[in-house]
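Colleague: Given chain A, put chain B with the ligands in place with the hints provided.
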Amino acid sequence: MAAVEKVIGGHPGMYATFPRKGGAAPTATHYCPGCGHGILHKLIGEAMADLGIQDRCVVISPVGCAVFAYYYLDCGHMQAAHGRAPAIATGISRAENDSIVISYQGDGDLGSIGLNETIQAANRGEKLAVFFVNNSVYGMTGGQMAPTTLIGEVTATTPTGRDPQEQGYPIHICELLDTLKAPVFIERASLSDIEHIRKARRAVKKALEIQRDKKGYAFVELLSPCPTILRMDAKAIANFVNEQMEKEFPLKRFRDRSGEAGSINRAESDFSQEALDKAFGCESGVCVQFQDDPEFVAKGVKIAGFGGQGVLSMGLALAQASFGSGRYVSYYPDYGPEQRGGTSNCSVVISGQPIGSPVVDHPDVLVAFNRPSLEKFAPTVKKGGLILYDSQAGSFQAPDGVRAISVPATGIAEERGIPQAANTAMFGALMQAGNLGLPREAYGNAFKVTFAKKPKLIPKNLDILEAGAHAARVLEMSSKK
Amino acid sequence: MASQLIDGNKAVIVGALYAGCDCFFGYPITPASEILHEASRYFPKVNRKFVQAESEEAAINMVYGAAGAGHRVLAASSGPGMSLKQEGITYIAGAELPCVIVDICRAGPGLGNIGPEQSDYNQACKGGGHGCYHNIVLAPASVQEMCDLTRKGFDLAFKYRNPVVILADGVLGHMVEPLEYPKDAFVPVIDPTWAVAGSAETRGNLITSIELNFDEMERHNYKLQEKYERIRKNEVAWEGYRLEDASVVLVSYGISSRIARSAVDAARKAGIKAGLFRPIALFPFPVNALRALAERGCKFISVEMSDGQMREDIRLATGCKPVGLVSRYGGNLIGMESVLSKIKEVA
Ligand SMILES: Cc1ncc(C[n+]2csc(CCOP(=O)(O)OP(=O)(O)O)c2C)c(N)n1
Ligand code: SF4
Chain A
16 MAAVEKVIGG
26 HPGMYATFPR
36 KGGAAPTATH
46 YCPGCGHGIL
56 HKLIGEAMAD
66 LGIQDRCVVI
76 SPVGCAVFAY
86 YYLDCGHMQA
96 AHGRAPAIAT
106 GISRAENDSI
116 VISYQGDGDL
126 GSIGLNETIQ
136 AANRGEKLAV
146 FFVNNSVYGM
156 TGGQMAPTTL
166 IGEVTATTPT
176 GRDPQEQGYP
186 IHICELLDTL
196 KAPVFIERAS
206 LSDIEHIRKA
216 RRAVKKALEI
226 QRDKKGYAFV
236 ELLSPCPTIL
246 RMDAKAIANF
256 VNEQMEKEFP
266 LKRFRDRSGE
276 AGSINRAESD
286 FSQEALDKAF
296 GCESGVCVQF
306 QDDPEFVAKG
316 VKIAGFGGQG
326 VLSMGLALAQ
336 ASFGSGRYVS
346 YYPDYGPEQR
356 GGTSNCSVVI
366 SGQPIGSPVV
376 DHPDVLVAFN
386 RPSLEKFAPT
396 VKKGGLILYD
406 SQAGSFQAPD
416 GVRAISVPAT
426 GIAEERGIPQ
436 AANTAMFGAL
446 MQAGNLGLPR
456 EAYGNAFKVT
466 FAKKPKLIPK
476 NLDILEAGAH
486 AARVLEMSSK
496 K
Chain B
67 MASQLIDGNK
77 AVIVGALYAG
87 CDCFFGYPIT
97 PASEILHEAS
107 RYFPKVNRKF
117 VQAESEEAAI
127 NMVYGAAGAG
137 HRVLAASSGP
147 GMSLKQEGIT
157 YIAGAELPCV
167 IVDICRAGPG
177 LGNIGPEQSD
187 YNQACKGGGH
197 GCYHNIVLAP
207 ASVQEMCDLT
217 RKGFDLAFKY
227 RNPVVILADG
237 VLGHMVEPLE
247 YPKDAFVPVI
257 DPTWAVAGSA
267 ETRGNLITSI
277 ELNFDEMERH
287 NYKLQEKYER
297 IRKNEVAWEG
307 YRLEDASVVL
317 VSYGISSRIA
327 RSAVDAARKA
337 GIKAGLFRPI
347 ALFPFPVNAL
357 RALAERGCKF
367 ISVEMSDGQM
377 REDIRLATGC
387 KPVGLVSRYG
397 GNLIGMESVL
407 SKIKEVA
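Quick mapping for you: the protein sequence lines, in order, are chains A and B.
Position in the first sequence (first residue = 1) + 15 = my numbering.
Position in the second sequence (first residue = 1) + 66 = my numbering.
In isolation and in its complexed conformation, chain A is listed as follows (with noise of 0.2 angstroms):
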């Protein structure tokens, strides 16, 4: 880097002195002399101070030579992790609806390993400036091949110049961005010399001013010399910028929908105590009490069957019937590998204490809506237990000191005209016969809270509940004859 200090302090935009950067020059910054950095730098500078936007800005500096922009320029400022600057933007811009926000990236650090961010904050639209040094090599690491190294380029790793056969071709970033649709400008400029400067400079305000406008994404390239790696006097490296970068990346504005874009505005966030219950639906929420209740056995039931049986929403249903009685209770739906499979289950614990694990390997009772289940889960089932099966299993023989009882669940769902409800006939079975410590009102409740938005289906359903119910009277009944 540096070799001579180049003065820039007190130029339009830019602080006097430099106390962030310390050391013998207090006004000269740390680029090499003829470097495009400094340039650039001026040229920001210069357009902040003449829109009077320095307050609203932040600049986002990245890893690369530029890293120390926040020596210079006189506003807010960001240091980012290689390539990331466009998200670091999209952060502080979605933050702060006022902010005016800039990116200052080279084209090892925006190319290469930030193309992914570069081209996203893009096609989101971001409002955001980025200023993009294309100086066709890294600097600040030594003058490794860049993206942009051009074909036959020499650099620190490709020794006898850049082979597209090894290493591709140049990327044209402007070219990529203009493929996509949200970008409000898109320019490439120079900073080889006087003449080309002029125009850079108009380029460099017009991206500014679209974001003190707050319109959108602006992005503008600039071919930079890199006096210092390449190894040129301040005549040669003007040349190779003129005529060999300017024929592999030709000066042009891309784009201008300035006239076109209007201004985006985020609303402010509300904090509010009240929006905030209001969006979850909690202002007019129950308020349980849990009591500890050691004398109440806990419970564990497993429900299981195939995907579309409802064997979660059942498992839900229970758990909402628990917590409307004051037990403690877990629902937990296992989504195992199984779950693409088809097949799908779930836990519920009710307990009269805190409960300890949610999953239910030992149910006391088990709910089985098809016959794999019923074959994978009925051996651990407890001593004692009971498993209600939908009839459609088939013919099933319960392990010993295990209580099974075949419900006709999709049966009378179907008789109803409600197919998919054969969970609330089996709900309905689990009321009757589960013993497992609820009220029987706390089943029926626990309807009209899952379908508190579709209030239409509680009757049907509370029908079917009671059909289910009866059946499992019924069974138990005649199995006690």
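It is worth saying that the hints were derived from the structure and are not from the lab.
Check before you lean on any hint, since a few could be wrong.
As the list claims (entries may be wrong) - List of simulated lysine-lysine pairs, DSSO-like, C-alpha gap at most 30 angstroms:
(1) B:Lys410 to A:Lys229
(2) B:Lys111 to A:Lys468
(3) A:Lys229 to A:Lys196
(4) A:Lys36 to B:Lys289
(5) B:Lys408 to A:Lys398
(6) A:Lys267 to A:Lys250
(7) B:Lys299 to B:Lys249
What the hints assert, rightly or not - Selected chain B positions facing chain A (Cβ under 7 angstroms, derived; list incomplete):
(8) Met128
(9) Glu243
(10) Pro258
(11) Val262
(12) Thr268
(13) Ile325
(14) Arg327
(15) Ser328
Backbone N, C-alpha and C define an ideal beta-carbon position, used for all residues, glycine too.
Modeller: Then chain B with the ligands, alone, in the frame of chain A:
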């Protein structure tokens, strides 16, 4: 106050919004995706800001930006996504920015699977990215704590200007329990002494983690370490269950601690004086309280769904006593019986 039956992932969003969290940045990953879904649903309802980022790296850097602007910001992910976030987290720690990151841990290594594990303990508690830094790490064990510790996380994050990780797992994320809603809503204000918010009063501020001068960088490290010492002194949090006369102590956090609690009851029934020590904060680790139990002559068993990552810390805290381990991997939960038989073996 109102209660509702909700799942742990949604409880995080409730806790965050009542804590004044202003922005959420996320990327889908099971089993944390519901946090993203609920954020996309509830943040806009109160004009808070939500972005589905292009990657976890982008998401954590959006966090950096919004947190740097002084806002309360939340991110959530799981193993593979947490690994990607480590770059951003070390920058956040280095630049001393506050934020809360929820890790709904899943089975690893690599892509692993979407079942629960507690194998991100080291990554969360020991830094995780490059350089000397620590996250504050809180470990909820119920849906209620998913909400409450998220809220507490924001308070700690701002008290210390430090990233906070809520270390949970797939079971806690998906299980449904009653949640009592927060009694009040926090209204945040931006601290103009350090934030960079694109405003006149914050124009002179700078958020950075680079310092070229070796001595200055060393001073910054000392400053961070002094902060971690204050955190170690002030923020230890743990809960004991039947510890008073315990001779065998299970140490367990998160979902495993609930299984351990059931095992304690079962052991007591079998006449063994077992107890549970549940760290609520994992960093800072409750070193002194564990040492006191060790001095009393207690025997220790670590119950965790990892290869003894927490056991190392228990060993250090208890003066390198042997510490038993009950663990499962791959998405399997620890069975209560296996904890019980380990208690019997150790007692
Ligand atoms: C993650 C990461 N990888 C690599 C580096 C090392 N590094 C520092 S600057 C730089 C290249 C910057 O080049 P460019 O973006 O072209 O900017 P210039 O220095 O040319 O202005 C690299 C690779 C880093 N700091 N972080
Ligand atoms: S190395 Fe190149 S880009 Fe870096 S300061 Fe020097 S001239 Fe500028």
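Colleague: For which of the previously enumerated hints does the structure constitute a violation, in increasing order of number?
Modeller: The structure breaks hints 1, 10; every other hint is satisfied.
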